[in-house]
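Participant: Residue numbers (my numbering), protein chains in the order written: chain A, 1 to 117; chain B, 1 to 115.
Just so you know, these hints were derived from the structure itself, not from any lab.
Each hint should be verified, as a subset may be incorrect.
For each label pair, taking beta carbons as the anchor points, the in silico distance ranges come out as [stated by the list, open to error]:
id: 1; chain 1: A; residue 1: PRO40; chain 2: B; residue 2: ILE60; range: 37 to 45 Å
id: 2; chain 1: B; residue 1: THR5; chain 2: A; residue 2: SER109; range: 25 to 33 Å
id: 3; chain 1: A; residue 1: GLY62; chain 2: B; residue 2: THR95; range: 22 to 30 Å
id: 4; chain 1: B; residue 1: THR95; chain 2: A; residue 2: SER109; range: 22 to 30 Å
Beta carbons are placed, not taken as given, at the ideal position from N, Cα and C, and that holds for glycine.
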Amino acid sequence: AQSVAQPEDQVNVAEGNPLTVKCTYSVSGNPYLFWYVQYPNRGLQFLLKYITGDNLVKGSYGFEAEFNKSQTSFHLKKPSALVSDSALYFCAVRDTGPRGSARQLTFGSGTQLTVLP
Amino acid sequence: DGGITQSPKYLFRKEGQNVTLSCEQNLNHDAMYWYRQDPGQGLRLIYYSQIVNDFQKGDIAEGYSVSREKKESFPLTVTSAQKNPTAFYLCASSTTSGGYTYEQYFGPGTRLTVT
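Work out the full structure: start from the sequences and follow the hints.
Facilitator: This is the structure we're talking about:
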């Protein structure tokens, strides 16, 4: 079974400071990892993904994430936070699976990020 | 929210009534999914479909039913058998380009309230 842990329900950071939202995972074989963001009463927006290759992945809106296989982590980072980054962030994992299969994504419980002006 | 539409945005029903949530996509994606979101619990998979006329149960399928008669459409029916149907429902789709399925794209969601 695959699982995702987001150990912090809430992260507060001052505008202009760096931010980190933590994620650890468990999956059989090589993982596919994703970050999504959700604004109130909206659907999830895709931010970035790790499939293979470089451990540092760059995504939308200046976000990046670092894949660490030994620590089974995929933390989301941004060098300088904006007030508009305040939202709910979800980490998700899936296994590689057979070619062409619609594999199930497992989501973490979410981390509410608040950027203070 | 891309090319995925869900309607209505808010839905109110009386207990004991079945209700159908609409999901349509114009992304030409093969796979479609339904999730339920409850506060503090993340997203849980209800059903998913890889191709037309085929679908699979997710983790919490009891009390729900789906159909996939067209590639673009994947409606979800919340039946009276679902014990706690009040939730935010999200539809998603993904491509199988190159033989692999990667990220899912989500619709704006439907908030269902049953009283």
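Participant: If you check each hint against the structure, which ones fail?
Facilitator: 1
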